[in-house]
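Asker: Next come the chains, spelled out residue by residue.
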Amino acid sequence: MQLEMKNIFKSFGANLVLDDVSFTLPEGHIVALLGENGAGKSTLMNILGGVLQADSGKIFLDGEEITFSNPKESLDRKIAFIHQELNLINDLPIYENLFIGRELRKPNHFLDHEAMIAETKKLFEEMDLDLDPQTMVRDLDASYKQITEISRAMLMDARIVIMDEPTTSLTGSEISRVFTLMRKLRDMGVGIIFISHKLNEVMEICDSYTILRDGHMIRSGLVSETSTKQIASLMVGHEVNEGEKAASSQAGQVVMKAEGLGDGRSFADIDFEIRSGEVVGFTGLLGDGRSELFQAIFGSGSQIRTGQLYLYGNAVKIRSTQQAVRLGIGYVPRNRKENGIVKDLDILTNGSLVTLTRRRKNGFFLDEEQILKDFEAQKKDLHIKMEADTDSILSLSGGNQQKVILARWLSSQPRILILDNPTQGVDVGAKEEIYQIITALAQKGVAVVVLSSESKEITRIASRCYVMYHGRILRELKDQSLNEKTIMQYATGVEE
Amino acid sequence: MENTHKRFNFITWFREMWTSHPLFSTTCALLLMIILQTAALGFDQGSFGEWFSIWSRNWINILRNNATIGIIALGMTFVIITGGIDLAVGSTLVAIGAIVMIFIDSSQTGLLTQIGITGVPAAIVGILMGIIAGFLLGEFTGVLITKGKLPPFIATLGMMKICRSVTQQCMQTVNPAVPRGFTQIANLSVGGQMFMPIIYWLLLAFVMNYISKHTAFGRHVFAVGSNERASRLSGINVERVKRSVYAIMGVLVALAAVLQVSRIGAMDYANAGNGYEMDAIAAVIVGGTSMAGGKGSIAGTILGVLIIAVMNNLLNLIGVPPFLREAFKGVIVIAAVLLQKKEKTA
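Top to bottom, those sequences are chains S and B.
So in numbering that gives the first Met the number 0, spot 377 of the first sequence is number 376, and the numbers just go up one at a time.
So in numbering that gives the first Met the number 0, spot 223 of the second sequence is number 222, and the numbers just go up one at a time.
Derived by calculation from the structure, the hints in this document are not laboratory data.
Just so we're clear, the structure is a prediction, and the values are computed from it rather than from any experiment.
Errors might be hidden in some of the hints.
[Said to hold, decoys possible] Below, computed lysine to any residue pairings styled on SDA-like, alpha-carbon distance capped at 25 Å:
no.	chain 1	residue 1	chain 2	residue 2
1	S	342	B	84
2	B	146	S	321
3	S	360	B	208
4	B	148	S	301
5	S	378	S	394
6	S	484	S	203
7	S	342	B	227
8	S	256	S	477
9	B	146	S	299
10	S	342	B	336
11	S	342	B	15
12	B	212	S	386
13	S	342	B	208
14	B	212	S	358
15	B	148	S	90
16	S	5	S	65
17	S	336	B	216
18	B	212	S	364
19	S	197	S	491
20	S	342	B	16
21	S	342	B	24
22	S	360	B	209
23	S	360	B	216
24	S	121	S	185
25	S	77	S	186
26	S	336	B	236
27	B	212	B	243
28	B	212	S	371
29	S	77	S	179
30	B	294	S	359
31	S	342	B	22
32	S	183	S	85
33	B	146	S	304
34	S	342	B	228
35	B	148	S	291
36	S	336	B	228
37	S	443	S	431
Kindly generate the complete structure, drawing on both the sequences and the hints.
Answerer: Here's what the structure looks like:
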């Protein structure tokens, strides 16, 4: 089945989001849909999924013109949209998740579990999957959850599957599992639209690509005829220049030191030193315990049961986040949506949440002028693109939301800044900007800790890095040994 | 859209306000109620002066009768914005009322009368004790919710049962007399009208509104309700914010209890305050505060209290039987939330 979207226009108010965009999905192809945040990818796919309607333009399926006015009509045409946030119910087994809303019934109207299990088994066999339909979704790892979503699409005989950033929460081996399935589907003649920020994956799995920028179709072609570098520069519209990183020579005093930290569960025997003015990376694969470690250090996770933490030379025990803040630690958590942004508050309040208690006059009332001044300064330093301070935080793109969270912490002038996955869901251009902000902070003497599973990110900004594996620090890497290859080697647990 | 700038277009202006200002529809509903209520009151008086005096007396009655609920609803707004709920307010009102009455008791066996303290000092001690009791009850509820990790619904449901039952048991044989002076707190008449409860309510509303908008605590209340995790990770003491919200609720209930005791001069431990929690929650909801937390305002709550109050008055004026009036309250709550939903999708 071949899909063509021709000359699609779409605007929200005065804002033209899609300007004459055309998109083709040849039969049995995996097409990468690429573009920075706000380029119009989601809008285009929401039109295909029937969630939004185009202002003008046509959609053809196998040459037949079709229109959708709601998601159901799109589904009826065998187009399945797998959203980034999976739509699974953890407390139900796989087969019930697959049949949800279309359960098979016996003549007496009770659920026909046997038939549903049998159908699921048959489907899994066709898809070459070794998976028990009766497993609870809760017990699946992230890749099998993704696979369950894909199976649901296949159960509906989907001919076209849209996958929105399916690999963000997956580890290397999980990704290859999903990719195997995607290739299998392609061989079965299913067309897949793959939305991703990870260009390496695009090169690996996709046959062709389409790049959007600011609502325009920039280029489409075969993946075999291009390179990641070329795609990246087409996405951004200019060469992605990789800036400098903080030199390890400028490192000063040891500000944070850990001796044998452990929480009895997620991490153990953690020793490290962090100096002011340096950027230290912590990396590893999912389940390495780095996030849990720094959550515990920041006083928001599990209790540290063994070992001792030293700050600025003094032994400390941090019991609450407010104590951590008082000690000069800043912490930008992973998963911005759940842990970072406060969705009902405006941009200004989101950007000043940490310092509200410090900006007081007469002891009790907020010093609103000072708060505004602080935020304006951060806005300028961080190049936050926004309209009014009183707009909702949700009106900003992912990169700008992340910058607002950074602003929240920078106005408290932390001496140690912990950044967990700082460029998650941030587009290529904003990513580089955030790297530059981090480098500038280190140059001002802040000790920056960056937690990331992207080895490329670590080699880009960190002057030193600790690789963790199953809750332990396996190796400290610096200078020549700090490269993507060695990181990968230790992260996967290979000692030598 | 262009046209609105050149020529004032009421319909587009109205639609714009309706969708972009959360309190606009609430204000419209209140205005509609007031128009209907004024019409129901009739215009068959001899002169405008006569009509106005009846109209304004009716209004003072409405406001005064709703001052207690109004004060409780102020605290409830904060509680609901943090994503919680307080079902105990009606019972704590009775418990605190009893404590206040024990201290102000002017009979021979009164606690303070026996040691020679009467009059204004006794009243002050009584009020202070009431406030302290309210604060402690609220703190305790807060500790149950934060340290005990109980859902607010359950913690306050428990408190609701405990407070009323214990008060009824303890007050079986005690029969405190409320001194005449104390009743003046609520019933002091200025120019033939008893304004005082209205003034207390508006004063407290002003203070609470200011706290919600211009203090770090106020912003933290919204932040905790909207995203508790993000608030904690931003160094906000989430536990303290939650405890404080229930403590403030307790203090406001104490003030409402003082007002109630003063206004009526006695307290019916079995029935006083019954249903206040639901009336206060209804007012907060009608005023546009989200049960999910994170969104709401004191101004909205005032509008909510007024809408329900004016509607009750209207139903009374047009002679709707008392049993049916609660049904209208239910309709208003449901309609208000439906309207707020529409605003979001529009």
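Asker: Taking the hints in turn, state whether each one holds.
Answerer: Now the hints, each set against the structure:
no.: 1; hint: S:342 - B:84; in the structure: 21 Å, holds
no.: 2; hint: B:146 - S:321; in the structure: 17 Å, holds
no.: 3; hint: S:360 - B:208; in the structure: 18 Å, holds
no.: 4; hint: B:148 - S:301; in the structure: 16 Å, holds
no.: 5; hint: S:378 - S:394; in the structure: 16 Å, holds
no.: 6; hint: S:484 - S:203; in the structure: 18 Å, holds
no.: 7; hint: S:342 - B:227; in the structure: 11 Å, holds
no.: 8; hint: S:256 - S:477; in the structure: 18 Å, holds
no.: 9; hint: B:146 - S:299; in the structure: 15 Å, holds
no.: 10; hint: S:342 - B:336; in the structure: 20 Å, holds
no.: 11; hint: S:342 - B:15; in the structure: 23 Å, holds
no.: 12; hint: B:212 - S:386; in the structure: 22 Å, holds
no.: 13; hint: S:342 - B:208; in the structure: 21 Å, holds
no.: 14; hint: B:212 - S:358; in the structure: 14 Å, holds
no.: 15; hint: B:148 - S:90; in the structure: 23 Å, holds
no.: 16; hint: S:5 - S:65; in the structure: 12 Å, holds
no.: 17; hint: S:336 - B:216; in the structure: 23 Å, holds
no.: 18; hint: B:212 - S:364; in the structure: 9 Å, holds
no.: 19; hint: S:197 - S:491; in the structure: 20 Å, holds
no.: 20; hint: S:342 - B:16; in the structure: 22 Å, holds
no.: 21; hint: S:342 - B:24; in the structure: 23 Å, holds
no.: 22; hint: S:360 - B:209; in the structure: 14 Å, holds
no.: 23; hint: S:360 - B:216; in the structure: 14 Å, holds
no.: 24; hint: S:121 - S:185; in the structure: 19 Å, holds
no.: 25; hint: S:77 - S:186; in the structure: 17 Å, holds
no.: 26; hint: S:336 - B:236; in the structure: 20 Å, holds
no.: 27; hint: B:212 - B:243; in the structure: 16 Å, holds
no.: 28; hint: B:212 - S:371; in the structure: 15 Å, holds
no.: 29; hint: S:77 - S:179; in the structure: 22 Å, holds
no.: 30; hint: B:294 - S:359; in the structure: 24 Å, holds
no.: 31; hint: S:342 - B:22; in the structure: 19 Å, holds
no.: 32; hint: S:183 - S:85; in the structure: 21 Å, holds
no.: 33; hint: B:146 - S:304; in the structure: 21 Å, holds
no.: 34; hint: S:342 - B:228; in the structure: 12 Å, holds
no.: 35; hint: B:148 - S:291; in the structure: 22 Å, holds
no.: 36; hint: S:336 - B:228; in the structure: 10 Å, holds
no.: 37; hint: S:443 - S:431; in the structure: 19 Å, holds
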